[in-house]
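Chains A and B, in that order, give the protein sequences. Start counting the first sequence at 33; every next residue gets the next number (the working numbering). Start counting the second sequence at 10; every next residue gets the next number (the working numbering).
Honestly, the hints are just simulated from the structure, not real lab data. A portion of the hints provided could be inaccurate.
[Claimed, not checked] Covered, in the sense of this in silico footprint (three residues per stretch, anywhere, with C-beta under 8 Å from a C-beta of chain A), are these stretches of chain B:
#, stretch
1, 25-35
2, 66-76
[Unchecked claim] What follows is a set of in silico ranges between Cβ atoms, one per label pair, in the way DEER data are often shown:
#, chain 1, residue 1, chain 2, residue 2, range
3, A, Pro163, B, Ile194, 38 to 44 Å
4, B, Ala26, A, Pro187, 33 to 39 Å
5, B, His33, A, Arg45, 18 to 24 Å
6, B, Arg255, A, Arg45, 34 to 40 Å
Virtual Cβ for every residue (Gly too), placed ideally from N, Cα, C.
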Amino acid sequence: MDRLVFAAMTGARSALGQMAITANNLANASTPGFREQIAAFRAVPMGGDGANTRAFALDTTPGSNFQAAAVESTGNPFDVAIQGDGFFVVRRPDGREALTRAGNFRTNLAGELVSASGLPVLGDSGPIVIPPNSSAPQIGNDGTVVVFDGTSPQPQVLGKLRLVKPDPKTLSRSGDGLFEAANLQALASDPSVAAKQGFVEGSNVSVSAAMVALVGQQRLFDLNVKMIQNADANARSANGIMTLSRG
Amino acid sequence: MIRSLWVAKTGMDVNQANLDVIAHNLANASTVSFKRVKPNFEDLLYQTVRAPGSQTSEQTLSPTGLQFGSGARILGTTRVLNQGAMSQTGNGLDVAINGNGYFQINLPTGVAAYTRDGNFTQDNQGQLTNMAGYVVAPGITIPDGAEAVTISEFGQITAKVNGISQQLGQLQIVNFVNPAGLESIGGNLYIESVASGSPTQGTPGQNGLGVLKQGYVEQSNVSVAEELIKMIQAQRGYDVNTRVVRASDEVLQRLAQV
Numbered sequence: 033m034d035r036l037v038f039a040a041m042t043g044a045r046s047a048l049g050q051m052a053i054t055a056n057n058l059a060n061a062s063t064p065g066f067r068e069q070i071a072a073f074r075a076v077p078m079g080g081d082g083a084n085t086r087a088f089a090l091d092t093t094p095g096s097n098f099q100a101a102a103v104e105s106t107g108n109p110f111d112v113a114i115q116g117d118g119f120f121v122v123r124r125p126d127g128r129e130a131l132t133r134a135g136n137f138r139t140n141l142a143g144e145l146v147s148a149s150g151l152p153v154l155g156d157s158g159p160i161v162i163p164p165n166s167s168a169p170q171i172g173n174d175g176t177v178v179v180f181d182g183t184s185p186q187p188q189v190l191g192k193l194r195l196v197k198p199d200p201k202t203l204s205r206s207g208d209g210l211f212e213a214a215n216l217q218a219l220a221s222d223p224s225v226a227a228k229q230g231f232v233e234g235s236n237v238s239v240s241a242a243m244v245a246l247v248g249q250q251r252l253f254d255l256n257v258k259m260i261q262n263a264d265a266n267a268r269s270a271n272g273i274m275t276l277s278r279g
Numbered sequence: 010m011i012r013s014l015w016v017a018k019t020g021m022d023v024n025q026a027n028l029d030v031i032a033h034n035l036a037n038a039s040t041v042s043f044k045r046v047k048p049n050f051e052d053l054l055y056q057t058v059r060a061p062g063s064q065t066s067e068q069t070l071s072p073t074g075l076q077f078g079s080g081a082r083i084l085g086t087t088r089v090l091n092q093g094a095m096s097q098t099g100n101g102l103d104v105a106i107n108g109n110g111y112f113q114i115n116l117p118t119g120v121a122a123y124t125r126d127g128n129f130t131q132d133n134q135g136q137l138t139n140m141a142g143y144v145v146a147p148g149i150t151i152p153d154g155a156e157a158v159t160i161s162e163f164g165q166i167t168a169k170v171n172g173i174s175q176q177l178g179q180l181q182i183v184n185f186v187n188p189a190g191l192e193s194i195g196g197n198l199y200i201e202s203v204a205s206g207s208p209t210q211g212t213p214g215q216n217g218l219g220v221l222k223q224g225y226v227e228q229s230n231v232s233v234a235e236e237l238i239k240m241i242q243a244q245r246g247y248d249v250n251t252r253v254v255r256a257s258d259e260v261l262q263r264l265a266q267v
């Protein structure tokens, strides 16, 4: 049978893989701080003796789209959005630090400011602890967190959120959806990153672009299947010729 | 069988859960002292099929990787504790807390529950109770024929009995390290949970606790407009995920025809 079926098969398989990535983007169209996954194809030419006629397709996720998403006003003092580039730093239970854009924070049992999944959000000197019986925190544009504890009119400064700006080229998405950067531990707050309290950043998935991509991927799959059917038809007629000549 | 089908299913689940929460918030848009609930979503685990830089042969490295996300899930719900608007009722036994704190209610089971709903009344023994008839801690009895019951900002309850002004008791309120972690049990009541920490009692207006306002109740902090917009978003989010299901189905159908 013609070896073109295998080239068409890799095309169909990669189209399915890309559909899975588009499906993931659409499923996360309302996940705060989600960054769209980029799906791409890479051609892998088939080497060997004779003419290089075939190139297989390989689906890849070369990275993420780090464009800022729309922010929505929630009025919740525990929601913080980053304007422009930059990330919040959270600490995983095993001590490793990670980056996130999701600013829908809350407090945990110890009064620490934590991410929605319960990981402490780091300030310049460790987690930020909100004392009991204090007012709701007020977070400044530079990330300074202050509360009023009701005993004095002076605000109590609890710390400053660590807002970092790593090089997007060094960022990678880890299995839990958080981002990791090279030399993150050494990365200090960048004064150019601005935070905005009472807002939460949504997902930067463009639903319309993803829907169009989905249609494209579906048709690409169809085309590749059509090629497989063509190869099948060719092989069938070839078989027919053989049968005739034998007779 | 095909990843996108299951990923789209998680997307539908998330949007459905979002609609459920919105429905609950809207249903309680005029419940006294209701605090709106906010669902939190996150992306599910990623499967790294090929890491960038992995070996493709002895001499070559893969220039790009392949990571499949497995969709989204609802992580949990948090209560947004913003103060609701104060509305004047003119009822002498209505009390609102302006600031931090919860009233303690003694449930008939002996368990302490907490509420910000200060829509109080009296039972047949003259005890101060909530609308369900549960006694408000520490248990204050308003004697028969008491007139002009006043509740001060700091919780002292006084009344005129037979023309003589008399102290009836002191309302205490409590607060928690993490009040958003209280467990809802319905009836505007919360109970202590591992996440909230244990209650610390105090006098209203002291150590950062709120003050009491007699004749007012705290309204729900649900913003109807905001919930309606979120509802549209959730519905459309559901729609696009069903479209992915359809596309995946068509792909499988095509495959079966080969």
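Taking the hints in turn, this is what the structure says about them:
| no. | hint | in the structure |
| --- | --- | --- |
| 1 | 25-35 | violated (count 1) |
| 2 | 66-76 | holds (count 5) |
| 3 | A:Pro163 to B:Ile194: 38 to 44 Å | violated (27 Å) |
| 4 | B:Ala26 to A:Pro187: 33 to 39 Å | holds (38 Å) |
| 5 | B:His33 to A:Arg45: 18 to 24 Å | violated (43 Å) |
| 6 | B:Arg255 to A:Arg45: 34 to 40 Å | violated (21 Å) |
Hint compliance for this structure: hints 1, 3, 5 and 6 are not met, and every other hint is.
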